[in-house]
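Sequences listed follow chains A and B, in order. The opening position of the first sequence corresponds to residue 1 in our numbering, with each subsequent residue numbered one higher. The opening position of the second sequence corresponds to residue 325 in our numbering, with each subsequent residue numbered one higher.
By construction, these hints were calculated from the structure, which means they are not laboratory data. No experiment lies behind these values; they were computed from the predicted model shown. Check the hints yourself; a few may be wrong.
To be verified - To give a feel for the contact side, a few chain B residues facing chain A, derived at Cβ under 7 Å:
| hint | residue |
| --- | --- |
| 1 | Ile559 |
| 2 | Tyr560 |
| 3 | Val562 |
| 4 | Gly564 |
| 5 | Ile585 |
| 6 | Leu609 |
| 7 | Tyr610 |
| 8 | Ala624 |
What the hints assert, rightly or not - Pulled from the structure, derived: some chain B residues nowhere near chain A, Cβ distances all over 10 Å:
| hint | residue |
| --- | --- |
| 9 | Glu347 |
| 10 | Lys359 |
| 11 | Leu439 |
| 12 | Glu445 |
| 13 | Ala446 |
| 14 | Asp509 |
| 15 | Asp546 |
| 16 | Val570 |
| 17 | Asp587 |
| 18 | Arg588 |
| 19 | Asn601 |
| 20 | Glu602 |
| 21 | Lys622 |
| 22 | Ser641 |
In this text, a Cβ means the ideal position worked out from N, Cα and C, and glycines have one as well.
As a plain string of letters, each chain reads:
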Amino acid sequence: MRDLLKKLMYTPSVSGREDRVREVIYNEIKDYCDEISTDAMGNLIARKIGNGKKIMFCAHMDEIGFFATYITGDGDIKVSPVGGINTLSASHQCVVSESGVRGVLVPNSSKDKPKCEDMYIDIGAKNKKQAEKIVKIGDFFVCEPKLEKLQNQRYIGRPFDDRVGCAIMIDAIKKVKSENDLYFVFSVQEEVGGRGAKPAAFAIAPDYGIAIDVTMVGEKGGPGEMDVKLGRGCAIKIKDSSVISSPELVKKMREIAMDGKIKYQDEILPAGGTDASPMQIAGRGAKVSVISIPTAHIHTSCEMIDMFDVKEAVKLTVALAEKL
Amino acid sequence: MKELLKNLSLAFGPSGCEDAVRELVYEEIKDYIDKDSATVDALGNLIVHMGGDGPKMMICAHMDEVGFMVTGIGENGSLKFGTVGGIDPISLGAKRVISESGVRGAISAKPIHLLTKEEREAGPKIKNMTIDIGADTREEAEELTFIGDYFTFDSGYEEYGNGYIKCKALDDRLGCAIMCQLIKDIKNGAIDLKYDTYFAFTTREEIGYSGAFSASARINPDYAIVIESKAVADIYGVEGSKKVSVLGDGVIISYADRGTIYDRTLISHIKRIADENEIKNQVNLYISGGNDSANIQKNACGARVSTLSCASRYIHSQSDVIHETDFFAAYEVVKKVLNENPPTKE
């Protein structure tokens, strides 16, 4: 699991530019599915054919980052954010472009929380001409990938959001044996507003839609009113600001988790959303919820997860695929 | 083509009230299309199917413009209004406006002599503005207009300087004009279509792309090219990336805006065709705005989308300004794209 996760995390792919990580995932799963295709937006859709219920699992391949928008006379790269960037955390981080150009993200502001439009990337170029040789307008940058083990089973790194969901789905695809008609969608452009999952859900028209994504924790600087902690199991989403989960599906998820002795937590996230929302309202609609992976410091360069929660999430994914 | 641009731009068509523009477009193209190839859907989109072999291509431009809607009539005959689409109140004071039935008016503004320091610094607010149609009483006003009536800017079409064009509503009548010309070219055999091609003249773009939503659901395209105008700040005192793009430097082939991250395969294909044919093109140096692509891309099973834009100064005002170089470049690129084989998929 750790090696797979690392491979996914170390393949930078911001929203709209998911081709590389899609290739990695395709190679991982192609021998384990009955059908596999890529749609117009770039969603990777894998199917295990069955006669039972149509279930769509969905984890997004994209990560937050930056587009290069302009190169200054000094050879610095002005950027525009892709997804919800925490500029405080991104300041003075090492960044890397899609073609491997490295640099540092300079906040260029005395404010506590710099604005993205004040920031630039210093790639060490002496002037515009030099910079233009290696960076084109529209190229993307991300904060450098990282994965390190801390105490217990805790890991820090980026981007767990949502490569950990992709890894969980890949692992589940390899393990699951089910009568149900299973679709595993590795979606695009979630970080810019769940754009990819919508056409995928329209095409599949599932009975149940289950996103697999990270969620916040109520500790470590997260929203204090939230009763989710690292290391207490995966979470079953009841509500966030974009979706109210199907009560019927949530009930079944809890029952199946309890039957399988899978540790879970109930999650109500005060802000934020996932691909569950577009899945719920695409086409004629679907019953949706989310298997969440409790994650501290989301959208920073040091997101933190507990590998115990990840293992429980794999178990719940497999159990739902087989028993729903 | 500029004559057509002029006529289209002067036509009345705020979002939700595009009938006059649609009739003008239809008049322009009706001799060049098969009678049953044109459809007007429930939202008022005009969809023209030109045929051709290959994957489905949707060429799209919106007919609507920003404008005003009457929301109340005062005892003194002045009209309260709301904006239809995004309009900066700073561009409104003392401007001429005209209603669907041709009633002329001006937007109220307190003279600078009478503004307090606070008012000057805070800037104008739409809630404090009214439309003055020269009525002295509510009754007089009610004979000329009604609550729910539309107004737009009342401004003329002018060509000035070295290739600049100024008018209201160039956003996005320039796209409509280009599409009309392409339809004529196809009929005249100047384009050998490599796509099963649809033209969608859409409604309601300025209030959230809802026309394109239903048009693309009907067409369900594989590819889409949206022809648009793009807000830029190519003016004195704005430097570098904040300019966004420069008038006269060619058609803008966007890689991303606030609503859409464009399909890389399609935009590289278009860029290659533009370069090979020596058609001037540029990129946007700042990410802003959005258009019909946002809905076309993720509608139904999804589509590969791109936007080709003309840079526009003072957009959403009575004086949209574009450069004819960019206008003709946008036309030439789309024409060449339709003539060439589709991009090979990754």
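Structure-based check of all given hints:
no.	hint	verdict
1	Ile559	violated, 17 Å
2	Tyr560	violated, 19 Å
3	Val562	violated, 12 Å
4	Gly564	holds, 6 Å
5	Ile585	holds, 3 Å
6	Leu609	holds, 4 Å
7	Tyr610	holds, 5 Å
8	Ala624	holds, 6 Å
9	Glu347	holds, 34 Å
10	Lys359	holds, 32 Å
11	Leu439	holds, 31 Å
12	Glu445	holds, 23 Å
13	Ala446	holds, 23 Å
14	Asp509	holds, 27 Å
15	Asp546	violated, 7 Å
16	Val570	holds, 12 Å
17	Asp587	violated, 8 Å
18	Arg588	violated, 7 Å
19	Asn601	holds, 21 Å
20	Glu602	holds, 20 Å
21	Lys622	violated, 5 Å
22	Ser641	holds, 24 Å
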